[in-house]
Structures are given as structure tokens and as C-alpha cells.
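Chemist: Single-letter residue listing:
Number of protein chains: 2
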Amino acid sequence: MTTGSVSPRRADTRRNHERILIAAAASLADTGEVSFNAIAKQAEVGVGTVYRHFPTPEALILAVYRREVRHIVEVVPVLLEKHAPEEALRVWVTDHVAHYMMTKKGLADALRTATAARGELPGDAYEDMLGAVAAMLEANVAAGTVRPGLTPELVMRGMGGLLWLDPNGDWRRDAADLADLLWHGLAAQRD
Amino acid sequence: MTTGSVSPRRADTRRNHERILIAAAASLADTGEVSFNAIAKQAEVGVGTVYRHFPTPEALILAVYRREVRHIVEVVPVLLEKHAPEEALRVWVTDHVAHYMMTKKGLADALRTATAARGELPGDAYEDMLGAVAAMLEANVAAGTVRPGLTPELVMRGMGGLLWLDPNGDWRRDAADLADLLWHGLAAQRD
DNA sequence: GGCGGGAGCGGATAGTCATCCGCTTCACTC
DNA sequence: GAGTGAAGCGGATGACTATCCGCTCCCGCC
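Those protein sequence lines, which keep their order, are chains L and P.
Taking this note's numbering, I'd label the letters of the first sequence as residues 8 to 198.
Taking this note's numbering, I'd label the letters of the second sequence as residues 8 to 198.
Treat the hints as calculated values from the structure; they're not laboratory data.
Backbone N, C-alpha and C fix where the C-beta goes; we use that ideal spot for every residue, glycine too.
A couple of the hints might just be wrong.
Not everything, but these chain P residues come out facing chain L in the computed CB check (under 10 Å) [as the list claims (entries may be wrong)]:
(1) Asp116
(2) Arg119
(3) Arg154
(4) Leu161
(5) Met163
(6) Met166
(7) Leu169
(8) Leu170
(9) Gly192
Take the sequences, apply the hints, and build the full model.
Modeler: Structure, rendered in C-alpha cells:
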């Protein structure tokens, strides 16, 4: 079993999985590095075990930030309930997606290279995100604020720029600008 | 001196620089790999020399594709002369930027990770691209087709999705869709 | 509570990366 | 055309990555 899934027939497996995650989280919070050797030593586990649980650095990083990624997806319905659809989209992009990208060391990097290699993310993360985007899209189309016919994939691509925000710069402003650009791009025709 | 610049006081430097580029080009065309060790051997040069000339894989890849990158920048005035500004932008994005990203092995990857580390590209490539985008932007603002007040940086970010096109998929269509989305995002208000 | 089978462990190992510094070779001067 | 200073070379080296397979120890069963 790979990719951080938790279906451990054996107790030691679950324990190791946990230890590795803890060590990796510490390493990420501290230095932002994910040296498999260092993490193995820190977790008192063989290197092989780390590789068995997480085939790539990206898989490991995403597992550490799993909670965060899930939150990004799960907050969508909440936002749609609380705000008008177009406001919801803006808030989501700037306060949730951009926020986690800038806040969690290595997450943006991991996503950038994870999606690089094969366009596929471990652990359904890609599908989950697509679903979230689709929900946003549908709500806005239904409200007449966004023109129909757009695919979630396209919108995801449009959001790609969020992975290049500068954590040390004014990223809130940049994210807002990008959200604005995206919004204009999606908006229902007015001419 | 790093970054592929060519200001060699010494003849052997220039020679080595050339040899490395040739070896790297061959390797990229062949396997798409840029192992510094392999390239050093192939170029009959010490590994250290390769690292001295090109501090990172990205720098090397960009140096190999320097001609291509320059073309992307230099074609802008030509396009602006030949087409209406909005048409020029669309053609540029799909037929030039996207085209080279999909066509040159490793270029998109290199850009994705080069811009990752520090938001800066070797060899003024970033500034050059910004300039090209700025020119496109100005022409369109002047023509009244794009609303004023947008920064080239923002537009670059909006184009970021081009680096995730799938070379094995229908990337022309996807690029066109993204250009369309971007276009709507930039367009002068019509309400 | 002892046993058998196999899932899972872990570290030795082969391969690769990136650095560093003593030596070479070039350009320039006289 | 020999001398000199230093720019530049290159490969030995230490660190890191990723794999592979013999052994451990967990689970389920009797």
C-alpha cells in the first residue's frame, strides 16, 4: 500500500505510518526539507519502510498536509451557503487555496512538481480539487454569474498561478488580483 | 561567471561552454535527461566545470533553449504588426508560447521548477518575458481592447497554466481555451 | 498458548549528485 | 620566448537517493 492510505492489516504498519508522518511534519515545519534518510532515522525506521509508505517526496508532503487539502475541498459547500456564488469563489481562492499554499512550507512546491510528473496527484487529491472547482462553477452558472460551458480543468489551469505566489511578498494582494482576473475570465457575457 | 553568459576571457572557457551545450542538447533531444555527470563525461570535461558554467539543471536547459526563448520574446512586435492586438495575443499564447512548451523536451519542467526556487530565471529570461507581455498589454490597452491598470506580472501568472499542458493530449485546444479564458479576463469592460 | 504463512521491515549496497581545492593552462608583459 | 599571476579545470570525495531481498514478527487458527 502506498500513498498514505490507512488500511493497515498489521499494527506495526499503522504505527510506522504514524511515526513517519510525525517525523516528516517536524522536518517540514523546521527546515522544509524531506530527506527520506533523515526522516527514517528520526522515525527510527528503515529507509525502505519510508519508501514503501510514500513512494515520492510529494506523496509524503501531501500526506502530511492531508488535513489542509481536505479542508480546502470541504469548505466549498460552506462558502457557497454563506456567500453569494461569486463572492464564494473569490473568498475560496484568496482565503483558502492561496492561504494554504503560502502557509504550509513545501506544499506549493510539492503540488507544482507532483502535477508535473504525470498530471496525477496521489490520493485522489486531484479529483477532489476538481470536484471542488466543479461545485463552485456549477453554483455560479446556476446563479447566472458565470457563462456555461467551462470545464473545471480549465479553471484549475487558470488557478495555476497561485502556485507561484511569493510567500515573502504581498501574496494576499497578488492572489486577489489573480482571483479578479479569473473572475473576469469566467464572468457571464455582458455585451 | 554562471548562467550561460558568454564573456570568456579565456579560450578554453569558451570551448568548454560550447562542448557542454552541445552535449546537453544531445542529451535533451535524446532522453530528455540532464544528468550533470553524464553530460560532463560526454563533453569530456570535469563535472565541476559543468557546475561552474551552469549552477542548476534549469540554467542549463534554458541555455540550450535560449534561441527558442528569445524567439518567443522577439516575435511579439512582429505579431503586433501583422495582426490586430487581440488576435496577436491569442496567436502568441497558442502558437508560440504553448508551442515551445510542448515541443521542447524539458522546457516546461525547467521553467516550472526554475521559477519555483526563487521566482527568478537565469539570464534575464524572466525580464525578457515580462517585457514581451508588457508590449502585448500596452498594444491592447491602446487599442481599447483590454482594460488598463493590469500588470504584466499578473498576466504572466495567468499564463502559468500553460506549463501544465499535456504534450500527449490535445494541448492546442487546451491552450486555446486558456487563451480564451485569459482574454475574457483581460477584456475591457462592456457593461 | 503455540504454530505456520506471509505481510512488512530495514539496512546493505550500488548508483547519482554536488562540492571543494590543488593543479593546470591561459593571457599578458617585458 | 620566458616569467608570472590568477582564472579556470577536474576528479576525488562525502552526502544523499532509491532498490532489493533475507529476516522478523504479526495475525489468525487450532
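Chemist: It remains to establish, for every hint, whether it holds in the given structure.
Modeler: Taking the hints in turn, this is what the structure says about them:
{"no.": "1", "hint": "Asp116", "result": "holds, 6 Å"}
{"no.": "2", "hint": "Arg119", "result": "holds, 6 Å"}
{"no.": "3", "hint": "Arg154", "result": "holds, 8 Å"}
{"no.": "4", "hint": "Leu161", "result": "holds, 5 Å"}
{"no.": "5", "hint": "Met163", "result": "holds, 8 Å"}
{"no.": "6", "hint": "Met166", "result": "holds, 8 Å"}
{"no.": "7", "hint": "Leu169", "result": "holds, 8 Å"}
{"no.": "8", "hint": "Leu170", "result": "holds, 7 Å"}
{"no.": "9", "hint": "Gly192", "result": "holds, 3 Å"}
Going through the hint list in order, the structure satisfies each hint without exception.
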